[in-house]
Structures are given as structure tokens and as C-alpha cells.
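Chemist: As they're listed, the protein sequences go chains A, B and C.
Add 690 to a position in the first sequence, counting from 1, and you land on the number used in our numbering.
Add 17 to a position in the second sequence, counting from 1, and you land on the number used in our numbering.
Add 98 to a position in the third sequence, counting from 1, and you land on the number used in our numbering.
Incorrect hints may appear among the rest.
[What the hints assert, rightly or not] Listed next, the in silico DSSO-like pairs over lysine-lysine satisfying Cα-Cα at most 30 Å (straight line):
no., chain 1, residue 1, chain 2, residue 2
1, B, K124, B, K38
2, A, K729, B, K124
3, A, K718, A, K729
4, B, K124, B, K39
5, A, K718, B, K38
Hints were generated in silico from the structure; no laboratory data involved.
Okay, here's what each chain looks like letter by letter:
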Amino acid sequence: MIDFLAYLLIVIALIFMSLGVIGLFRFKDFYSRILISSKIETVGFLTIMIGFIILSGLSYAAMKILLITILVMITNPLSTHAIARSAFLSGYTINQETRL
Amino acid sequence: MIEDIFLITLVILAIIALNTKKLRRAVVYLGVFSLVSSFVYLLYGAPDVAIAEAIIGSTITTVLYLVALRKYKVFSIYYTNDSNFQDIRLLKSESPFLYNLETFLVKREMEPQIIYSREPIETVLAQEKFDLAIHHTDQDIWIYGCAEDYQFDAVEDYLLTNHGDLNLHLMRCAEGEDNEA
Amino acid sequence: MTFLETTLFVIAIYIVLVLVRVILGPTIWDRLLGLNAISAKIIMSIIILSLITGQSYLLDVALVYALLGFISTVLIARFIEKKGDIS
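Chain A on its own, in the form it takes in the complex (with noise of 0.2 Å):
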């Protein structure tokens, strides 16, 4: 039963990321790309790792996954605000009539 719903929690995950991939593809330019990107794949890493904490049950891995687990919530929203930062601060500013 606690499997069954570890193995839910991974196939909504997977199901998070496949979006996050198709808007990869979807937009035109590169702020709604970073948007979609880093918010979806956000919410599927912290969706996967919970299925994975449930799977491996109260152990030493379990912890071990729960640290992973912070420290990518801290550090890929960083990353990502580095990134848009470059951007503007380079002067990438869209076109008003082709943006979606």
C-alpha cells in the first residue's frame, strides 16, 4: 500500500518533468522558456524525491536523500536566477509582436 503510493507520487513526477520538456519546445523566446523550465522541473524534483524517500522506507538512505533533497531546493532556483540575471544584464529583450 505505502508502495503503491510511492510509485504514484514518481509517475506524477515524470509526469511534471515531460511537461517541462514539451515547453522547452513550445516557446519562442528565451524568459518564457526559463519560466516553464525552472518552475516545473522545481516541483518534479521535490515530487520524485518524496516517492523515493517513501520507497526506501526509515533508514540511513532515506536521510541521505532528504539532504540531496534541501540542498538542490536552494541551489537550482539560484542557478536559475544567475542565469535570467546574465540575460538582462546583457540586454536580451524580446520582441513585442512575436511573443506568445
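Given chain A, put chains B and C in place with the hints provided.
Modeler: This is chains B and C only, laid out in the frame that chain A set:
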């Protein structure tokens, strides 16, 4: 099956990293290459080699390549415009002058980095450290460069032979005044 | 194939799809975005591999990755930013 996917990915990344024209793209491709190759080491059961590959390949070589690129070859071009800003690719397709200049610099093994500035040209000339500054009005194109830069001589020859129909004004600044920020 | 092996296969397919964006991407920042996404997916793959084989020391490699991928992405982004300064 999974090993096949990652090994084919490695071969494709290696070929592409060798064939790019710009060196910054090659740095990014090599970062992805070392990530995937480290996972392949894990698949074959060598976690210690994977940790070494992650530290050396993914971080230290990236930093070393970036430091070497900064010391050597980055040629920064400031571009200001009177009209409103547009997309970079759209701007390049509208004015083939800029695209040709970039292709010429790549052919001379430089690393052109075009910066689209919102500030007026006087602020850019006073404050920024540039190798080439271009001010594009409706009719005229003003190009500012350093007086003792030998690359600027080559750029001047190229522009006067290939784009003589545009209204080009080439200005030379003295060394130490504007170019040393 | 068990459930976890199927998950690893699907994530490998996602990595290949993001790699297409890295290769095609018109600007350098698209490539960096793809590098960031591939880094997160590799961390997931390492954890799945650790769960499949039951060797919990593979998680240390994932921990190293979570810190070092961040550093390389931020350094490349800062380098491209304006004039090529790294500081």
C-alpha cells in the same frame, strides 16, 4: 539499453564540442559531456572515478577554460541604437553589417561578444571597457576603437572594402583615456 | 523491466530531449538552461541507480553533484554576463 542511450549521447556531444565556432559554446558542451560521462562511470560500477570526474571535469576544467578565455580572446563590442530595442536575432537579420562583422571576427579567431546597451553612447565611452563601440543612427554608423589596437586596423580595412556604401565614421580614441577602465 | 528501471529509461529519454535544446538553442543562455536541467536529471538518475542496486554509497556521488553543478552553472553565467569578469 540505458547504457546505449548514454554512450551514443557521449559520442554526439564530443563531435559537436569539437565542431563549434564559438569557444563559449564548447565550454558548455564539455560541461554536459563530463556530467554524462560521470554517470556512465557509475553505470559500470566505479563510484570513485565518478566523483573524480565530477570534481575535475565539471568544475575545475570549466573554471580553467573560463579564465583562459578571459585572458586571451574575448573581444567586446558595445552596440547602441537610437530606436527601440529588439530581439538580438531580429537585429542581426535586419542589419547584415553586424552579422558580417561578427563572422569576420570569428574568422580571425577572436571571440566576439556583442553587448546591447541601453545607455547613450557618451556614457558607454566614458565608463565601460570596450574594444569596439558602435553607435547606429538612422543614416550614419559611428565606430569607436582604440588607436593602437592592431585588430582595429584590420576591422577598418574590412569595413571600408566590403561596406563602403554605408555612411561609416571611424573614430580613434587615445590609449589610456577611454579604453582603460 | 521493473518499475524503477522504467523510470530510469524515461528520465534518459528526457535527457536526450533536453540535449536537443542544448544543441539547437539560439542563444548561449538556452544552452546554460539545458545544462542546469540535465544536471538535475542526472542527480535523479544516480538516486534511482542507488535504489535499484541497493548500494547506498552511490548517494555520496549525488551529493557531490548537487553542489558542483551549481558552481559551474553560476560561474559560466557570471562569465558571460558583461565583460567577461569572473569575480
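Chemist: Could you run down the list of hints and mark each one as holding or not?
Modeler: Now for the hints, and whether the structure bears them out:
| no. | hint | result |
| --- | --- | --- |
| 1 | B:K124 to B:K38 | 9 Å, holds |
| 2 | A:K729 to B:K124 | 40 Å, violated |
| 3 | A:K718 to A:K729 | 17 Å, holds |
| 4 | B:K124 to B:K39 | 10 Å, holds |
| 5 | A:K718 to B:K38 | 24 Å, holds |
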